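S.K.: Its first residue numbered 597, the first sequence is counted upward by one per residue in our numbering.
Since the hints were derived computationally from the structure, they do not count as laboratory data. The reader is advised that the hints may include incorrect statements.
Within a straight-line C-alpha distance of at most 30 angstroms, the following computed BS3-like cross-link-like pairs (lysine-lysine) qualify [as the list claims (entries may be wrong)]: (1) Lys661 <-> Lys1006; (2) Lys876 <-> Lys920; (3) Lys888 <-> Lys920; (4) Lys1041 <-> Lys1067; (5) Lys977 <-> Lys934; (6) Lys920 <-> Lys954.
The structure presented is a predicted model; accordingly, all values stated were derived computationally and were not measured.
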Amino acid sequence: MSSSLTIYNSLSRTKEPFEPLHPGIATVYVCGPTVYGHAHLGHAKSYVSFDVVVRWMRHVGLKVKYVQNITDVGHLTDDADEGEDKIQKQARQERIEPMEVAQFYTRSFYEDMDRLGVERPNIAPTATGHIPEQIALVERLVETGHAYEAGGNIYFDVNSFAGYGKLSGRTDQEALQSGGRVADRSDKRNPSDFALWKKAEPGHIMKWPSPWGEGYPGWHLECSAMAMKYLGDTIDIHGGGMENKFPHHDCEIAQSEAATGKPFVRYWMHNNMVTVDGVKMGKSLKNFINLKELFNTFEPLVIRFFILQSHYRSPLDFSEAAIKASQSGFEKLQETYKRVVETPEGGGQIDVAAFDEKITDALNDDFNTPVAISVIFEFAKALNGALDKGSLDAKSKTGALALFDTFAGKVLGILKNRNELLAGQSGQSARTLDDVMAVLLELRKEARASKDFATSDKIRDLLLQRGIEVKDTKEGATWSRKKA
RNA sequence: GGUGAAGUGGCCGAGUGGCUAGGCAGAGGUCUGCAAAACCUCGUACAGCGGUUCGAAUCCGCUCUUCACCUCCA
């Protein structure tokens, strides 16, 4: 009947059937944000995408253990022995403690993700909270000869690990060395070697004692240490943004597999970037779209819907026109859902199962949310056709609502809360509003019955001016709040 | 230079050997007192040039263009 889950594995560059290491349980690690600024649209694309990944796996019956870190050690602006800690820099600019920066932006991040309907990970470990684990991993690598000390820093010896660069395809050491910038001033044996632990320079605030003196962990270390701590030496899925394939993820593979001798990750998943006018959006470029600002113009769920209308592995080009188009479609789906809820039971029918299967197939095919959404649109069209005839039978109505609740709601998270949709809000003021609206619509109905269209149109127009839209249907007039 | 990805109708955006993607915008129609909403109909798109094939947007080659990564970044 229905297909089973396949995932595009960045490591093999093919779609593979998903078979977790331990049947029925999926371990998932996704690179979290570095908390030194507010979240932007790029974060939204990544975490909304993986939110659907997790939600879908849970829907198909897997028990998912989802870990997403918070990077609160601000790594350097480059991998050489220069540059400033990003969080420390922000702290200096804001004249506050580095940890205050991290806490502030961590809260900000979750605020934004909550509004986007992104479910919280099961475990959200911080880098600063796992310094001992990171030190232990470095010690293990030093003991096994995969790492060495030089000038107070500990580096991973890339030549000690066969297959370094297998994820990014960057295995040509000659090419890796061609940059040459690092080689000039570093103690590294090989320019590709990367820092596991760095000695704290004078003035460096975020530092910890270690067997090698006061210092701080290298950029790539925390993910390996925390993923293995909470999910085991071999994890099922590791996700993150494409730009982290190299060097970050290749380094994670090297240091983890060198330490354990076991495969680190079974399925690598990488989401594509958000672009603005065709150019990548990034923190270092000035073109990033701050989510809090975007939420002033568009509902968070519209942003989520916009993101899911393209595939996670495709780049998403941001433009106001594109989001507005999504908004129209989004509202159309909410309206259809509302119509189904409110429709009387009668003779109309719809074959829900066929749509259900198509959506399931789409999501099983590497989480193809755009296709799933297109099927929901087809479903809505079929439903509206049936509803235009006046009713739905009990089975069709129940099935249709279940489809919406399951796929649009539980899995994709693009369905408004039913109460919000139906009444605007619940509670006494809403009931009062309903009563008042009923009176107005009754007056308008009487005016229309006596062909006093001047009055009936005036009621409609005045309401519309205040954002309340009146629609005449076969069952009488209905109203809804319309956004500006 | 190296490593990857991609170029689809007005816009966004799936698909990937033959069978309608979908959304938005636009045109016509049904319904309506008029609207709105909904529904129906309408676009013969796949960068270019060759090749493979009965058949290619989909495979192969070349060309052009774009983007990402190779320094922090979801």
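S.K.: Taking the hints in turn, state whether each one holds.
M.R.: Going down the list of hints, with the structure as the test:
1. Using a Cα cut-off of 30 angstroms, the hinted pair Lys661 and Lys1006 holds, with the two alpha carbons roughly 18 angstroms apart.
2. Distance check on the hinted pair: Lys876 and Lys920 sit about 21 angstroms apart at the alpha-carbon level, within 30 angstroms; holds.
3. A distance of roughly 17 angstroms separates the Cα atoms of Lys888 and Lys920; the hinted pair therefore holds under the 30 angstroms criterion.
4. At most 30 angstroms may separate the alpha-carbon atoms for a hinted pair to count; Lys1041 and Lys1067 meet this at roughly 12 angstroms.
5. Between the alpha carbons of Lys977 and Lys934 the distance comes to roughly 14 angstroms, so the proposed pair stays at or under 30 angstroms and holds.
6. A C-alpha spacing of about 27 angstroms is found between Lys920 and Lys954, which places the hinted pair at or below 30 angstroms, so the restraint holds.
In summary, the structure agrees with every hint in the numbered list given earlier.
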